[in-house]
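Given chain A, work out where chain B should sit, using these hints.
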Amino acid sequence: MLLLLLLVPLAGGLLAAMFKGRNADVAATLAMALATVLAVAAIPRGGQPVEGIGPWSPLPGLEFGLRLDGLGSLLALVVTVVGFFITAYSTEYFSSRNREHPSPEGKGRYYFFLLVFVTAMLGIAMSPNFFQLFLFWELTTVCSWALISFYGNREALRSGLKALAMTQFASLFMIGALLILYVQTGSFSFEGANLLPAGRKAAFVIFMLIAAWGKAAQAPLFSWLPSAMVAPTPASAFLHAAAMVKAGIFLAARCLVSTQVLEGWPALLVTVAALITMYVGLGGYFFADDLKRLLAFSTIANLALMLVGIGLGAAGSTAALEGGLLHLWSHAFTKTLLFLSVGAISWATGVRQMSKLTGLWRSMPLSAAAFLTGALAISGLPPFGVFWSKLLILRGALAAGGAWGWVTVVLVLVESALSLAWFLYVARVILFGQPSEAATHGRDPAPVMQGVLGSLMFLALAAPYVGMPIIQWIAKGVA
Amino acid sequence: MTAAMLPGWIVGVLVVGALLVALAPLKSRSLSWLGAGAGLLAGLLLVMFGVHVLNAGPVEVLWSSGLPLDDLPFSFALRVDSLSAIFLLLLAVVPSMALLFAVDYLDGQPVEAVRRFFAPFLILVAGMVTVVMAADWVLFLFAWEIMSLASYLLVMWNWRQVENARAAWIYLITTHIAGSGIMLAACWLSVAGGSFGFAQSAAALASTFSTSPILANVIVGCFAVGFMAKAATFPFHFWLPEAHGAAPAPVSAILSGMMVKMGIYGMVRLFVFMLPANSTWSMGWGVLLATLGTISMVLGNIRSLGEQHAKRVVAQSSIGQLGYIVLSLGMAVALSGRAPLLAAVAFVGALYHVINHAMFKPLLFLTVGSVEHRTGTYDLRRLGGLVDTMPAVAFMTLLGALAIAGTPPLNGFASKWLIYRSAVFGGLEIPVFAVFGVIAIFISTVSLAAYLKYFGASFLGYRGEASRNAKEGPEPLWMLTAEAVLGAACVFLGLSPAPVVASSLAALAGAPNAAAYGATLVSTGDVMGGLLGSSGYMPVAVLLALAVCALLTYGVWQLGVQTTRATTPWFGGELLPEGEVRIGSEHLYRSFLARYKALLDPLWNPRLAAPAWLAKVLDIDRWLIGPVYQGYDGLSRLVVRRHQGRAKGYVAWQLLAVVLVVVLLVGTEGGLF
Numbered sequence: 280m281l282l283l284l285l286l287v288p289l290a291g292g293l294l295a296a297m298f299k300g301r302n303a304d305v306a307a308t309l310a311m312a313l314a315t316v317l318a319v320a321a322i323p324r325g326g327q328p329v330e331g332i333g334p335w336s337p338l339p340g341l342e343f344g345l346r347l348d349g350l351g352s353l354l355a356l357v358v359t360v361v362g363f364f365i366t367a368y369s370t371e372y373f374s375s376r377n378r379e380h381p382s383p384e385g386k387g388r389y390y391f392f393l394l395v396f397v398t399a400m401l402g403i404a405m406s407p408n409f410f411q412l413f414l415f416w417e418l419t420t421v422c423s424w425a426l427i428s429f430y431g432n433r434e435a436l437r438s439g440l441k442a443l444a445m446t447q448f449a450s451l452f453m454i455g456a457l458l459i460l461y462v463q464t465g466s467f468s469f470e471g472a473n474l475l476p477a478g479r480k481a482a483f484v485i486f487m488l489i490a491a492w493g494k495a496a497q498a499p500l501f502s503w504l505p506s507a508m509v510a511p512t513p514a515s516a517f518l519h520a521a522a523m524v525k526a527g528i529f530l531a532a533r534c535l536v537s538t539q540v541l542e543g544w545p546a547l548l549v550t551v552a553a554l555i556t557m558y559v560g561l562g563g564y565f566f567a568d569d570l571k572r573l574l575a576f577s578t579i580a581n582l583a584l585m586l587v588g589i590g591l592g593a594a595g596s597t598a599a600l601e602g603g604l605l606h607l608w609s610h611a612f613t614k615t616l617l618f619l620s621v622g623a624i625s626w627a628t629g630v631r632q633m634s635k636l637t638g639l640w641r642s643m644p645l646s647a648a649a650f651l652t653g654a655l656a657i658s659g660l661p662p663f664g665v666f667w668s669k670l671l672i673l674r675g676a677l678a679a680g681g682a683w684g685w686v687t688v689v690l691v692l693v694e695s696a697l698s699l700a701w702f703l704y705v706a707r708v709i710l711f712g713q714p715s716e717a718a719t720h721g722r723d724p725a726p727v728m729q730g731v732l733g734s735l736m737f738l739a740l741a742a743p744y745v746g747m748p749i750i751q752w753i754a755k756g757v758a
Numbered sequence: 004m005t006a007a008m009l010p011g012w013i014v015g016v017l018v019v020g021a022l023l024v025a026l027a028p029l030k031s032r033s034l035s036w037l038g039a040g041a042g043l044l045a046g047l048l049l050v051m052f053g054v055h056v057l058n059a060g061p062v063e064v065l066w067s068s069g070l071p072l073d074d075l076p077f078s079f080a081l082r083v084d085s086l087s088a089i090f091l092l093l094l095a096v097v098p099s100m101a102l103l104f105a106v107d108y109l110d111g112q113p114v115e116a117v118r119r120f121f122a123p124f125l126i127l128v129a130g131m132v133t134v135v136m137a138a139d140w141v142l143f144l145f146a147w148e149i150m151s152l153a154s155y156l157l158v159m160w161n162w163r164q165v166e167n168a169r170a171a172w173i174y175l176i177t178t179h180i181a182g183s184g185i186m187l188a189a190c191w192l193s194v195a196g197g198s199f200g201f202a203q204s205a206a207a208l209a210s211t212f213s214t215s216p217i218l219a220n221v222i223v224g225c226f227a228v229g230f231m232a233k234a235a236t237f238p239f240h241f242w243l244p245e246a247h248g249a250a251p252a253p254v255s256a257i258l259s260g261m262m263v264k265m266g267i268y269g270m271v272r273l274f275v276f277m278l279p280a281n282s283t284w285s286m287g288w289g290v291l292l293a294t295l296g297t298i299s300m301v302l303g304n305i306r307s308l309g310e311q312h313a314k315r316v317v318a319q320s321s322i323g324q325l326g327y328i329v330l331s332l333g334m335a336v337a338l339s340g341r342a343p344l345l346a347a348v349a350f351v352g353a354l355y356h357v358i359n360h361a362m363f364k365p366l367l368f369l370t371v372g373s374v375e376h377r378t379g380t381y382d383l384r385r386l387g388g389l390v391d392t393m394p395a396v397a398f399m400t401l402l403g404a405l406a407i408a409g410t411p412p413l414n415g416f417a418s419k420w421l422i423y424r425s426a427v428f429g430g431l432e433i434p435v436f437a438v439f440g441v442i443a444i445f446i447s448t449v450s451l452a453a454y455l456k457y458f459g460a461s462f463l464g465y466r467g468e469a470s471r472n473a474k475e476g477p478e479p480l481w482m483l484t485a486e487a488v489l490g491a492a493c494v495f496l497g498l499s500p501a502p503v504v505a506s507s508l509a510a511l512a513g514a515p516n517a518a519a520y521g522a523t524l525v526s527t528g529d530v531m532g533g534l535l536g537s538s539g540y541m542p543v544a545v546l547l548a549l550a551v552c553a554l555l556t557y558g559v560w561q562l563g564v565q566t567t568r569a570t571t572p573w574f575g576g577e578l579l580p581e582g583e584v585r586i587g588s589e590h591l592y593r594s595f596l597a598r599y600k601a602l603l604d605p606l607w608n609p610r611l612a613a614p615a616w617l618a619k620v621l622d623i624d625r626w627l628i629g630p631v632y633q634g635y636d637g638l639s640r641l642v643v644r645r646h647q648g649r650a651k652g653y654v655a656w657q658l659l660a661v662v663l664v665v666v667l668l669v670g671t672e673g674g675l676f
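So the protein sequences, as listed, match chains A and B. Heads up: the first sequence is residues 280 to 758, going by my numbering. Heads up: the second sequence is residues 4 to 676, going by my numbering.
Result set (DSSO-like, lysine-lysine): computed pairs, CA atoms no more than 30 angstroms apart in a straight line: (1) B:Lys30 x B:Lys474; (2) B:Lys619 x A:Lys635; (3) A:Lys441 x A:Lys635; (4) B:Lys619 x A:Lys441.
Because the hints were derived from the structure by calculation, they are not lab data.
Just chain A, with the same shape it has in the complex (with noise of 0.2 angstroms):
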């Protein structure tokens, strides 16, 4: 079965490039849906992770295989969920009633990369050990490059240029760590890290984490992520708000769950890092006129703080964990959420400048009630689910004692109170008072793409009581 979830989003993929037009909707959007059921259907029950396929191995030290455990569930559904939301919604994106890219040309070319990611991203999730790891990871920005340079004009390709530069200037030091962990203990097995010598174990973390924060655009290496924005905008909202930038927290929580390398101070270190990286992100609200690129920042600060959780889960602290891993399933929705309800708005009105939007409740109460759901949501409120994830982090922070926890805490909390502060002004801008010339074009997008945003809202709201038993039980296994 896991073969098979790994395979349909392939063939999906392969079948929409060869169909134009409504046959590719179809095509891409019947295998989301087949591809959804059956990572639900693959979830671990009774606390044994499933097992795919079982290791094969074509050359001493390399093994390939399928293993579902809790982590991996949990980027599954992650993954394949948002992704039949984003494929519906695309379906009715590409079309020539978009104002912003009249040209529905290409949606072959678009499925094809979109649903290849997804396989690359399950395949992530489903690898037993580094090595296979590392072969999705690279099938990852292979896409990523695609999909950002899709509209083929100058600003994209070099857009999609520096995205692949960056992120595999960052694998580099990946394919470092499998080296020395390959020459150190012959295999790519998670468990083979434990064994490395302590200064290697160092060097072999050091570099998985660069690795991670390239590709989770965490400071120095994330001005690739706001340039990603020319990418259409359902592309924007998978790759690079609800899943590719997540593979780089899961290869952390990867690191901290299935081995036990990541403790003392590369632990400080993530927490450290994604402190700083939070207020970097935080720090590029207030210039973004752009909506996407404000959304962009907004992706960024989110990942630091699941990396928050995440750090302070390897410095022993259970709550801070699964505070990190649910802000990766409660952002997910509410991040894509937000993308498509600002993709709705350019899709309607053609532009995305904060400038250039004001009052488009008037005209598309939809859209606006959803970004405004969005900025609420994004912003911890409860009762949203990132209020949970937040809440746990907090606790988590203070349990870990000492004046860090109460210096991670307030840091948190004064980063929260200005990104709220400045949602509800940007949702002020541009939802309330006189409708702006470029808002009187405005109109609620089609069906499908309302239906997509209005369930996206529901489970904004919903989504972390479903979630939380699957965290609790890796959690559980950490602990």
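Just chain B now, kept in the frame of chain A:
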């Protein structure tokens, strides 16, 4: 139905009512009645429950008993004691009357506007009810947040004016930034105490006070900032005039009437129920609260004197009245243990003023709403002379104005009497309280002046331009009914203070430090009367005296006054156009206000702007990635120049590589590396 099921039913009625109002395909009037009906039903249940708790003692309910929350350190636990019961009774009356008022106020509005009003309103009430009943910090924070969000949506009801959106934004930001302090403190206490329950947190705070008092005071400070921001205490008061001025009248009524009291509720729970009484800390916090309360009192009331917008007059006055409450609460905390009987009097005064304010402030906001409904404006400079067309509303306004100014025998006097007495006598213990007491008495006069200005400018005198263009017809029934109920409550609470004082003492008795607050030592009669050496305040006697004076005045008037006739005013031998000789609201108290000019301007206006150099620092492409990439590009160009397709170049590279490999091999063999 047992008492333990009532909280669930109350919240259920409110939430189901909100959902029905949001979704049911009915006409506006039916939806309004649906919403008001849900509120009234919930109010009835709240009265039943509140009275039960006051008679039978605290009720504990666990809402999360079926849920799989065993491993988690929180539960949805409720504990309703007498203090909560008092607030629940307030929540029974005030929202119901505001909803009843809204049925007529929203007459003629489109369906979606009606939905957007009633649904968040009912959710707001549900949130407030849960805040007051919660016994666990997570449930408290959850309900607190729902309360803030629902009130944000209500303040934004008139979203088409962008200044309303701005006011709502300031409000939401302030309450959240301050509220994050509550979250921080609750998290720390949960870590120290093991879970988020109130009892465990209180125990953790008590033990922290004995081990590291500075940390404990920081925790108390974090809580206090959050609660003070909600209760619009100086220096966190700046959001209230904006938000309550921007909201429609019934919303301002509930916000000023009940929601700011949630901050007071939090402060009572924190300072009276959790802080150790009779210590340096309680003295320090008490004096701080009393000082901030006095500053709020002065600021709010003097500013309300200078306002020309009717809603802002009442809103600024809210800050002032909350100052009274915080002053009295601070005095109670400071005097606890030192002068327990005075502490009890001060506490009762604070709680009594909470109840009174919850009656006369919504009354005043609703009358402002009635006037606006009729004339279309809040501008006092354009109103006037409405007493002929709206006599009932005028009477209600006068009642409310006299009540808030503290005129016997109305309710405002009863609570202010307690506050003055505890301040003046408390001055024997802590001298600064006597000064605060004198200021409080003076500010009462200012408050009376402000409301007389409001009353006169709206209803008396010359008919202003908006009054002349006002709608005709009888005053809407339900608006009058709501105001009448609140007015009757003001009178009743003034004439019979005993039940209020008794329940306040019962609330105080529920505190762990009740002995330090003298709750068990004083009785109701002591508080209102003989305790501080006088025969006490007997409202009925005052009423009789006033009746006798009124009869005498009427008799003298009948005997002595000639017939009157109405005429146009003339001045210095000329008949001037009426507009020129009118004394408008903007002309009153100018010399007084000129003296206090410094207080009238906003003291600080928070702005959100990022410095320009930050953009340069964040542009990492310019100073890091860019140069690194340029360097790499330059290096690769350098290498490319060596691979130009000439055979000699490639042979040179190969020779270099061979030499390098030989050196490496020889070196490793020979032990060099």
